[in-house]
Each structure stands twice: as structure tokens, then as C-alpha cells.
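Next come the chains, spelled out residue by residue.
Protein chains: 2
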Amino acid sequence: MTATAFESWMHEVQQEVERALDANLPQATALPHKLHEAMRYTALGGGKRVRPLLAYAAGDLFGGNASVLARVASAVEMIHVYSLVHDDMPCMDDDDLRRGKPTVHVAYDEATALLVGDALQAQAFQVLADIDTLPPARQVLMLRLLAEAAGSSGMCGGQAIDLDSVGLSLTREELERMHQLKTGAMLRVSVILGALAGRDLSATEMEALGAYSKAIGLAFQVVDDVLDATADSATLGKTAGKDAADNKPTYVSILGLEPSKELAEQLRREAHEALAPFGEQALRLRDLADLIVQRKA
Amino acid sequence: MTATAFESWMHEVQQEVERALDANLPQATALPHKLHEAMRYTALGGGKRVRPLLAYAAGDLFGGNASVLARVASAVEMIHVYSLVHDDMPCMDDDDLRRGKPTVHVAYDEATALLVGDALQAQAFQVLADIDTLPPARQVLMLRLLAEAAGSSGMCGGQAIDLDSVGLSLTREELERMHQLKTGAMLRVSVILGALAGRDLSATEMEALGAYSKAIGLAFQVVDDVLDATADSATLGKTAGKDAADNKPTYVSILGLEPSKELAEQLRREAHEALAPFGEQALRLRDLADLIVQRKA
Chain A
1 MTATAFESWM
11 HEVQQEVERA
21 LDANLPQATA
31 LPHKLHEAMR
41 YTALGGGKRV
51 RPLLAYAAGD
61 LFGGNASVLA
71 RVASAVEMIH
81 VYSLVHDDMP
91 CMDDDDLRRG
101 KPTVHVAYDE
111 ATALLVGDAL
121 QAQAFQVLAD
131 IDTLPPARQV
141 LMLRLLAEAA
151 GSSGMCGGQA
161 IDLDSVGLSL
171 TREELERMHQ
181 LKTGAMLRVS
191 VILGALAGRD
201 LSATEMEALG
211 AYSKAIGLAF
221 QVVDDVLDAT
231 ADSATLGKTA
241 GKDAADNKPT
251 YVSILGLEPS
261 KELAEQLRRE
271 AHEALAPFGE
281 QALRLRDLAD
291 LIVQRKA
Chain B
298 MTATAFESWM
308 HEVQQEVERA
318 LDANLPQATA
328 LPHKLHEAMR
338 YTALGGGKRV
348 RPLLAYAAGD
358 LFGGNASVLA
368 RVASAVEMIH
378 VYSLVHDDMP
388 CMDDDDLRRG
398 KPTVHVAYDE
408 ATALLVGDAL
418 QAQAFQVLAD
428 IDTLPPARQV
438 LMLRLLAEAA
448 GSSGMCGGQA
458 IDLDSVGLSL
468 TREELERMHQ
478 LKTGAMLRVS
488 VILGALAGRD
498 LSATEMEALG
508 AYSKAIGLAF
518 QVVDDVLDAT
528 ADSATLGKTA
538 GKDAADNKPT
548 YVSILGLEPS
558 KELAEQLRRE
568 AHEALAPFGE
578 QALRLRDLAD
588 LIVQRKA
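Going line by line, the protein sequences match chains A and B. Once you know that position 204 of the first sequence is 204 in the working numbering, the rest is easy, because the numbers rise by one and skip nothing. If you want the working numbering, it's the 1-based position in the second sequence plus 297.
Hint data in this document are derived by calculation from the structure and do not stem from the laboratory. Just to be clear, a hint being listed does not mean it is correct.
Claimed, not checked - To spell it out: a stretch of chain B is covered by chain A in this simulated footprint if at least three of its residues, at any positions, have a beta carbon under 8 Å from a beta carbon of chain A; those stretches are:
no., segment
1, 360–371
2, 455–469
Stated by the list, open to error - The calculated label-pair distances, taken between Cβ atoms and stated as ranges, are:
no., chain 1, residue 1, chain 2, residue 2, range
3, B, Val403, A, Lys101, 52 to 58 Å
4, B, Glu570, A, Asp96, 40 to 46 Å
5, A, Ala30, B, Glu504, 19 to 25 Å
6, B, Glu334, A, Arg269, 36 to 42 Å
Predicted, not measured: the structure shown is a model, and the values here were computed from it. Just so it is clear, CB atoms sit at the ideal spot from N, CA and C, and this is done for glycine as well.
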């Protein structure tokens with residue numbers, strides 16, 4: 001029963017996010033056409049929308065209204081999508097397939113992929129800054145947190161460490177630090193911004209949401225590594241087995257397959273524990289922790 | 298006499314901007330070292346700092362305080378620098394020399410150049426969002442204007458049009474529209490944010506500053522084209538004659554050299570006229586219009 005209610009909630013949010021992205025991306029009829037078309041090509045019609053789902057789940061818990069959540073979800077997803085576009089470029093991971101379709105530099109060209117990513121990042125900040133119903137002081141805080149999560153002490157920093165780690169044997173602690181920046185920072189800010197869409201947060205609430213985010217962030221990466229080692233490209237919608245082929249350190253290469261699966265399960269429990277102070281109300285955040293660990297793609 | 302006072306004001310602002318960038322960029326000792334080192338390599342120690350100078354000049358006129366102006370100037374310069382780093386990459390202009398030193402993808406590698414640009418853009422928003430002495434509603438407006446100027450209906454949009462114009466013969470109107478986005482949007486927002494560092498602006502004031510910015514934005518580009526056609530690489534600190542070699546439409550290719558010089562002079566007068574409502578106080582903005590037209594590099 002809960003599973004079914006969760007699935008229909010998730011489906012509803014994913015449709016809402018699609019509508020919100022459509023509304024918050026520049027129209028393809030606006031100049032420059034090709035850039036806008038390419039931004040829409042990569043941002044619309046695909047992806048699990050994990051970050052938007054986290055924002056909506058936290059928004060539910062803290063009473064965020066629908067139109068603010070739609071913008072918050074669009075903003076975090078745009079940052080995520082831009083990072084994928086740049087990450088797929090030949091000078092980075094050189095990947096041809098993403099979310100089951102050709103990557104931007106393949107469907108268009110490299111220069112367009114570069115600009116699409118750059119413009120999506122700016123668009124994310126614009127979508128968040130354009131909200132006109134939030135208390136401005138809280139909105140400035142949200143913009144600051146998004147910038148921090150996206151930048152060199154967050155996502156970009158994690159990618160830089162990732163890049164420099166190819167061929168190195170990282171310790172588990174080093175691997176964890178990299179992923180806390182590369183993926184964890186944006187997952188965490190998705191939760192926090194979703195909550196802030198509703199109201200100001202106490203230090204205790206911020207800490208509990210932070211602990212939840214840390215656990216699901218790591219779980220997300222552990223499961224990614226497990227899937228990369230065990231699933232096939234068609235299921236993943238991207239090239240499987242890339243990490244081993246690229247000689248990248250992963251949880252599977254450091255801990256082994258079974259211990260990695262056990263770690264994911266342990267992190268799922270930690271995520272649930274972090275939500276204890278919020279009681280029954282944190283239903284969707286708990287469901288998402290389960291989803292992140294149990295997903296097959 | 299005025300020239301000398303202006304020159305020492307300019308020198309003082311440039312030193313202040315260098316200090317501000319140094320303070321507002323992540324330290325190279327913070328992880329990830331290479332990324333932070335490369336961000337500092339490209340952002341520090343070079344450049345005419347035209348956008349920061351415009352922000353300070355407008356800030357002077359509207360009473361902006363020094364610490365807010367330092368952050369506004371850092372933010373607009375970081376956006377500018379990130380655009381240069383990405384623009385110089387092999388998939389764009391493929392340039393080896395910038396501000397008299399090797400470009401980031403030459404001094405480091407392409408992947409680092411990509412991440413340096415991405416991280417500098419996020420850092421720009423963070424530096425602006427981190428100001429804690431502005432009325433939050435005005436600060437949200439400033440963040441919104443910066444995002445708009447940097448994104449697909451501003452700088453990135455202009456670069457996309459530029460990219461698609463190689464080998465085409467643009468009309469003067471099309472060329473003007475491209476430059477209004479590519480360079481004009483960031484010059485304009487530098488002026489507006491500098492003014493907003495001081496106080497809220499009336500619609501009339503916003504319009505006058507917009508007219509000034511439009512004139513100097515176009516003048517800036519016309520002069521760029523003239524210099525690209527007439528100066529040498531050592532003077533420019535970047536490869537001269539690139540536009541013709543790349544078959545890019547320029548004012549010189551459309552209007553010819555002498556009419557381009559006359560146009561620049563006419564735009565300088567228009568910039569002065571736009572400042573008339575502000576009287577003597579707009580001294581530094583007038584000086585900068587003169588500088589933009591009369592510069593040799």
C-alpha cells in the first residue's frame with residue numbers, strides 16, 4: 001500500500017517537474033534558437049529526477065507551496081543536467097549516451113555542449129532568484145547554498161578530485177570525501193532548499209536534514225558503483241562498466257561487491273534514523289532513501 | 298589634470314579589485330588544490346578590469362560602500378573570466394594566449410579549463426549572495442540581474458549566436474544584436490549592480506544607465522574589432538588578426554575601418570549624453586566611456 005502511494009506520488013512529482021522545467025527553460029522560439037533547443041533537448045523528457053524528488057519530499061514536510069517547489073526543483077535539476085552535459089564531453093568522460101539518448105556534444109557539437117552547460121547553470125540561479133513570494137532574506141540564503149553546493153567546494157570540486165583520481169588507489173575515506181562533494185553536495189542542497197521553500201529551519205532541523213542527506217548521498221554513490229559493475233547499458237540508460245574500463249576507484253573496487261551492498265543497506269538505516277525527529281511526516285524522505293538503495297538503474 | 302586624477306583612481310580600483318578577487322577566490326591551500334590554483338591562475342594578475350571599473354564608477358555615483366563594491370566587482374569579473382576560459386578552449390576559439398600568458402587549457406588541461414569556468418561561475422553567484430549588509434530584496438534583484446546577463450538571453454546567448462555566425466555575412470543590425478548579448482549584457486549589469494550597491498534605482502535612473510551601457514557596450518566591441526584589425530598580439534596580450542583569420546563578421550568587415558572609428562566616436566558622445574541627468578557626479582563613468590573608445594589594447 002505505502003509503496004503504491006509512494007509510486008503515484010513520485011509519478012506526480014516527476015510530471016510536475018517536467019512541466020516546471022518546460023516553463024522555466026527559455027522557449028526554443030526565442031533567440032538563439034539552437035542553444036535553447038539544445039538546452040531543452042538535454043533537460044526535458046528524461047532522468048530519474050532524484051534531486052527534484054528530494055526537494056518535493058522535504059517541501060512536503062515543511063509546508064512549501066507548489067509554485068516555489070516547482071522552481072526549486074527546476075533549479076537543482078538544471079545544475080545537475082549542466083554537470084552531466086559537461087561531464088559527458090570528450091575532454092571529460094567522453095560519453096555518447098545519456099538517459100538513453102545521444103549526449104549533447106554528439107547530437108549537436110562540442111561548442112554547443114559547452115554553452116548549454118554554462119547557460120543552464122545561469123538559468124538555475126535565475127529561476128531561483130525569480131521567485132517573488134519568498135521572504136528575500138531566506139531567498140538569498142537559498143541562492144548562497146545553491147552556489148556553494150554547485151561550486152569548487154561542492155560539485156565542481158568533487159569532479160576535479162574525481163578527475164585527478166583516475167588510476168590512483170584512493171582510501172575509502174578519500175573516495176567518500178570525493179563523493180560527498182561530487183554528488184552529496186547537490187543532493188543535500190536539494191533537501192535543504194525544498195525544506196526552506198516552506199519555512200526557516202532551526203539549527204537542529206538543518207542538522208537532521210544534513211545527516212539524512214549525507215547518508216543517502218553516500219548510499220546513492222555506493223549503489224551507482226554496484227550498478228555500474230552489475231547492470232547493463234540498456235537498463236542504466238548510459239554506458240555500463242565505464243568505471244572499471246576508465247580505471248576509476250569505486251566502492252566495489254575498494255570494498256568488494258557484497259560489502260558494498262551491505263554498506264548501502266546500512267546507510268539506508270542511518271538515513272531513516274536521521275529522520276526520527278520528524279516522525280510520520282517524513283514519509284516521503286524515508287521512501288526516497290529506500291528507493292535510492294533499492295533502485296535497479 | 299582630469300586624466301591624471303582618473304588614471305590614479307583607475308589604478309587604485311584595479312589594485313582594490315585584485316585584493317578583492319584574491320580574498321573572494323578559494324585559497325589554493327583548500328581542496329581541491331589544482332582546481333583552486335587554476336582558478337586563481339586565470340583570475341588574478343591580469344586584465345583591464347573594465348567591468349569592475351564600471352561597477353566602481355557607478356558605485357561612486359550612487360554611494361555604494363567599499364566592501365559591497367569589492368564583492369560586486371569580483372562577481373562580474375569572475376563571470377567574465379569564466380567566459381574567457383571557456384571561449385579559449387579548443388572546441389570554441391582554440392586560443393593559446395590570454396592576457397599575455399598561456400590559456401588555462403594550455404597551462405593545465407582541457408578538463409581543468411572546463412571545471413575552472415564552471416566553478417568560477419558558481420563562485421560569482423556565491424560572492425554576491427554572501428554579502429550580508431544589503432537589503433535582501435535588493436540583493437535578490439542583483440542576483441537575478443547577474444543570472445540574466447550571464448545566461449542564454451545574455452552572454453551565453455551572444456556566444457551561441459557568434460558561433461553560428463562564422464562564415465556568414467551578418468547585417469549591421471544582426472552584428473549589433475549579437476554584441477549586445479555577448480559583451481553588452483555583462484557591461485550593463487556591471488554598471489547597474491555597481492549603482493544598486495549604493496541604493497535602489499528609479500525607472501528613469503535605470504533607463505539612463507541602460508542607455509549609457511548600451512552605447513559603451515557597442516563602442517567596446519567596435520573598438521575591439523578595430524584593434525583586432527590594426528594592433529599586434531604583444532600589445533593586445535592575445536592573438537591579433539584572429540577575427541579575419543576565423544572568418545568572423547566584424548564592424549570593420551561590415552563598415553570598413555574609418556567608418557568603424559567614426560562610429561566608436563559617435564557612441565562615446567551618446568554615452569556622455571545619457572549621463573547628462575547625473576551632472577558632474579558621473580565623472581568616472583564619462584572617463585570610462587572615453588577610455589573604452591581611446592584604448593590601444
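Going down the list of hints, with the structure as the test:
no., hint, result
1, 360–371, "violated (count 0)"
2, 455–469, "holds (count 5)"
3, Val403(B) with Lys101(A): 52 to 58 Å, "violated, 33 Å"
4, Glu570(B) with Asp96(A): 40 to 46 Å, "violated, 54 Å"
5, Ala30(A) with Glu504(B): 19 to 25 Å, "holds, 23 Å"
6, Glu334(B) with Arg269(A): 36 to 42 Å, "holds, 40 Å"
Violated hints, listed in ascending order, are 1, 3, 4; each of the other numbered hints is respected by the structure.
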